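Colleague: Listed here are the chains, written in short residue letters.
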Amino acid sequence: MRKSIFAFGFSIFFILVFAGIASAQQPQATPSDDQVNAIAKQLYCPVCENTPLDVCPTTACARWRDLIRQQLAAGKTEQEIKDFFVAQYGARVLGTPPPRGINLLVYLVPVVAVVAGAYILFRVYRSWKRPIPLPQSPPTDVAPPPAQAATEDEYIHRLEEEVRKG
Amino acid sequence: MDEIVTEQTEPTEQPEPTERPAQKIIPRWGRIIAWVGLFALLAIVAMLLLRNLQGPVAVGQVPPTFTLTTFDGKQYGPAEMSGKVVLVNFWASWCKPCEQEAPDLETAWEDYQPRGDVLFLGIAWTDTESASLAYIDRFKITYPNGPDLGTVISQAYRITGVPETYIIDKQGKLAYAKLSPFTSLAEIKAAIDPLLGP
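Protein sequence lines, in the order shown, are assigned to chains S and R.
Quick note, the first sequence lines up with residues 443 to 608 if you use my numbering.
Quick note, the second sequence lines up with residues 4 to 201 if you use my numbering.
FYI, nobody ran anything at the bench for these hints, they're computed from the structure.
Keep in mind that this is a model prediction, so the values were computed, not measured.
The reader is advised that the hints may include incorrect statements.
[Unchecked claim] Label-pair distances were calculated between CB atoms; the ranges are:
1) R:Lys77 with S:Gly559: 29 to 37 Å
2) R:Ala43 with S:Ile562: 41 to 49 Å
3) R:Phe142 with S:Leu546: 23 to 31 Å
4) S:Ala471 with R:Gly119: 32 to 40 Å
5) R:Ala82 with S:Ser474: 43 to 51 Å
6) R:Phe74 with S:Ile562: 25 to 33 Å
7) S:Tyr567 with R:Ala61: 52 to 60 Å
Backbone N, C-alpha and C define an ideal beta-carbon position, used for all residues, glycine too.
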């Protein structure tokens, strides 16, 4: 009894494994619109610039979507399909340009600008926080030196006397 | 009474806050790199804008060289074009005006092909191969046709759409450019005949 259960379980396991492998290798029969559009929205046709392929209404774009569907049905991966489109129609069909050649600027310039801006802000902020050096000459109206205070006291004393005398 | 002389003490001038000039905030090497980078970026942007503003290849200029691999695998490059009048036609199967001129182009090709000094090349622009082949079959086109792989040729010619036709003379200069469909066989012949000589 135990042997037959083990044999049954073993055969079920093999059936599932082989079925999985077979379904992975088998091309998809009819890829859905969602599957096609998931790739199409990353592509742009040169005929209608700035319109993603998934929403472009032209005949040219409809044919490109059919091409994606055919390639999905043939079992191609998303990356393989994108590579095919780049080979056929150039890198400008991609929504995000590949980081090569002059396209590198698209990726580098914003980063450099942000880093440079942050650096400038940091330096400016630090310069604001640095204490301002005071001038060498002593201020006269802030804290009079003791000698001057004594002079003023004498002056007030004389003034009060004069007032008292009338 | 003694005269009391009071000296008006002039308000002492507050020292102005010492401002650090911008030059002190960023070091010299930083400023140099920033300016060089900025000018380089502006130069690149200007170059790209100028290239976009150039428009299609002008008559009298030497057009860009290219090699076309046809749908049946043959290659047509500068060697095959040398010393011939070459008609380069950009088209697409989804392009209705292209259909208008397709029969006239084929008729013209059938007329000129026996001479041996005229070459027609059809370049399918942003088209799928199956649709292009169906189009070629539909109009019974026999002159060499191939896809514009990577849109390299159309970008070199800076085309703005389809159909566009360029005719190169035997000296390799662009002699004629039409950015719309041919309306008749006579129009095509009128463009090619003067380039053939006696």
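Colleague: All the hints need checking, so say for each whether the structure fits it.
Modeller: Evaluation of the provided hints:
1. R:Lys77 with S:Gly559: 29 to 37 Å: violated, 56 Å
2. R:Ala43 with S:Ile562: 41 to 49 Å: violated, 19 Å
3. R:Phe142 with S:Leu546: 23 to 31 Å: violated, 44 Å
4. S:Ala471 with R:Gly119: 32 to 40 Å: violated, 51 Å
5. R:Ala82 with S:Ser474: 43 to 51 Å: holds, 48 Å
6. R:Phe74 with S:Ile562: 25 to 33 Å: violated, 57 Å
7. S:Tyr567 with R:Ala61: 52 to 60 Å: Holds - the Cβ-Cβ distance for S:Tyr567 and R:Ala61, about 55 Å, lies within 52 to 60 Å.
Hint compliance for this structure: hints 1, 2, 3, 4 and 6 are not met, and every other hint is.
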